[in-house]
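Protein chains: 2
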Amino acid sequence: MEIPEIEKLLHDYGSLADLELKKFIPQEAEGLIGKNLNEPIWYHMGTGGKRIRPAFCLLTCEALGGKKEGALPFAVAVELLHNMLLLHDDIEDGDRIRRDSPTVWVKYGVPNAVNAGDYMVGKAYDSILRSGLPDKTKLKLIDIFTLTYIRTGEGQALDINYRASPDFRIEDYLQIAELKTAYYLVFALVGGAIVAGASDKVIEKIWALGKNLGPAFQIRDDIIDLTVGKGRGGEIGCDIREGKPSILFAHALSKANPADKSMLVKVMAKPRDETTKEDIEWAIRLYKRTGSMDFAQEYAEKLIKDAFEVIDAIPLRNKQVFKDIALYIAERSK
Amino acid sequence: MEIPEIEKLLHDYGSLADLELKKFIPQEAEGLIGKNLNEPIWYHMGTGGKRIRPAFCLLTCEALGGKKEGALPFAVAVELLHNMLLLHDDIEDGDRIRRDSPTVWVKYGVPNAVNAGDYMVGKAYDSILRSGLPDKTKLKLIDIFTLTYIRTGEGQALDINYRASPDFRIEDYLQIAELKTAYYLVFALVGGAIVAGASDKVIEKIWALGKNLGPAFQIRDDIIDLTVGKGRGGEIGCDIREGKPSILFAHALSKANPADKSMLVKVMAKPRDETTKEDIEWAIRLYKRTGSMDFAQEYAEKLIKDAFEVIDAIPLRNKQVFKDIALYIAERSK
Chain A
1 MEIPEIEKLL HDYGSLADLE LKKFIPQEAE GLIGKNLNEP IWYHMGTGGK RIRPAFCLLT
61 CEALGGKKEG ALPFAVAVEL LHNMLLLHDD IEDGDRIRRD SPTVWVKYGV PNAVNAGDYM
121 VGKAYDSILR SGLPDKTKLK LIDIFTLTYI RTGEGQALDI NYRASPDFRI EDYLQIAELK
181 TAYYLVFALV GGAIVAGASD KVIEKIWALG KNLGPAFQIR DDIIDLTVGK GRGGEIGCDI
241 REGKPSILFA HALSKANPAD KSMLVKVMAK PRDETTKEDI EWAIRLYKRT GSMDFAQEYA
301 EKLIKDAFEV IDAIPLRNKQ VFKDIALYIA ERSK
Chain B
1 MEIPEIEKLL HDYGSLADLE LKKFIPQEAE GLIGKNLNEP IWYHMGTGGK RIRPAFCLLT
61 CEALGGKKEG ALPFAVAVEL LHNMLLLHDD IEDGDRIRRD SPTVWVKYGV PNAVNAGDYM
121 VGKAYDSILR SGLPDKTKLK LIDIFTLTYI RTGEGQALDI NYRASPDFRI EDYLQIAELK
181 TAYYLVFALV GGAIVAGASD KVIEKIWALG KNLGPAFQIR DDIIDLTVGK GRGGEIGCDI
241 REGKPSILFA HALSKANPAD KSMLVKVMAK PRDETTKEDI EWAIRLYKRT GSMDFAQEYA
301 EKLIKDAFEV IDAIPLRNKQ VFKDIALYIA ERSK
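Residue numbers (the numbering used here), protein chains in the order written: chain A, 1 to 334; chain B, 1 to 334.
It does not matter which identical chain is used: a pair holds within one copy or between any two.
Taking lysine to any residue pairs in the SDA-like style, the calculated list, with each CA pair at most 20 Å apart, reads:
1) 244 / 33
2) 319 / 7
3) 107 / 92
4) 23 / 147
It is worth saying that the hints were derived from the structure and are not from the lab. Values in this document were obtained by computation on a predicted structure and should not be read as measured data.
Kindly generate the complete structure, drawing on both the sequences and the hints.
The structure is reproduced here in structure tokens:
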């Protein structure tokens, strides 16, 4: 199976999950609740969203011999959590633009944005509770959902507070990536496996996959921010503007001379509006000079290689689907 | 049993829940996670907190023939949700002071405050999941927790967006109180009943109690804001400053002459920093002139009377405990 084929599968399964999502949270609802919950939620989720994570969930369920329909309620929960985290992240990061449009807190105000995110978490649990799956399965799904949600919060606590920190190291980066991305990226797959009735051993291996794919995804995300931008009006270097602890920041801190190091921290610590285009260009040049861009790229590639080895050890009907998912995550992270 | 006796019970059972909470989320933890999650959470929850809601949960469990120890994990979840909602509310309302201290977002920043609240929800679910209760019981508890969390979000969407609205009616007020307070106030009791193995019929009656106690609590809260203040440095009239849709606002809008009505909306719509002491005094005088203070007081008393009738229909070992709880909620809402 080539990449284009996985893309078609992701598209078809994503559409299925999207339909389910629209049944579960109506795009239009009456009164102030409709206007201040349903509307901002759908504004944020995008009516034509790709729903890649839900598609991962359904594909995994099938690859392990389960029926994808049974995994739909969890797929919906995954997508709600994903979007809720982005929604609250935008508030926390002060991001005003996402996917070239104003973020929810800019358009609907911080109070509605905080509340809509909270509500999405409740609805995600609700989706699992209403799934009609056996009690044991429901509880397992709620368990991994909760674990993921907690770990993401811990990772976020590090992420927020390592901003522009001169003490930030590669190992701190990897800790954040594990907490914030590893769980969050593979819990969709784990959920699919649980619905399929996979053994604890298989489920363990899928979690292990996250330890490679999570950081790989995060690193690619860091690189994309410096090359093509993250869909915030094509702007390059948002992470530098925000002082975000990227792998490039961690690596450059460990390699740069004292003067460059102190200059880098200064650039990262500037309020976002005071960071100039020249600052960003300077930081990117530094990242190249210190070999940080190459280091990041190679590190991500190694993680993918390791992920493939983990996949080879999973008793799957169709290993290629998993490898395609892994590649997809690593290569096209948005 | 007289009020002082219920106070002792609430104190003892609250202390039990407090101990459990401290075991579940350590007051001190290492590194940036400790500093940016555990620390703000405990700063907010107050190390000497009264834990009244958890006490309600344990008392209900016992009054229905259950063991209070079994209800402890849910009592912890209740307290976490209660505090998380206050924490996010403070961000949403722009409140800078709670219990005479700076609010979490003021002290730790909005990013950490949003994240800490999210994390508390995850930990609340985690507490139920780790309870060791039978699967069926766990799922029932997760179900009512989720229902409550969702309804509170819907109520909050109304609450935020009815601020200073000239169209605000008593029926809108009661809808908010039901969504925001009724579930949230009695789900602690319902959880205790579920752990005790109460029948669906009894559980239904306890929910019904919320429909009286929730609004009664909210109305008392509205009155307290205008008489003794809500513990924000003893300040009177915070709700007027914030334009909050109180029962007094709804009632006065329905009774005042057009000039007073338009003046009241103007006062409520003012940014909080521009609302003067004179504005607040004027609004309180208006609330008295329109009979809104008396209306609110009498309405709350009627709700309590109705609550007592509901309690009489519940097959309890000790009805008085419930009546004392009802009175406690209505009379000492903070």
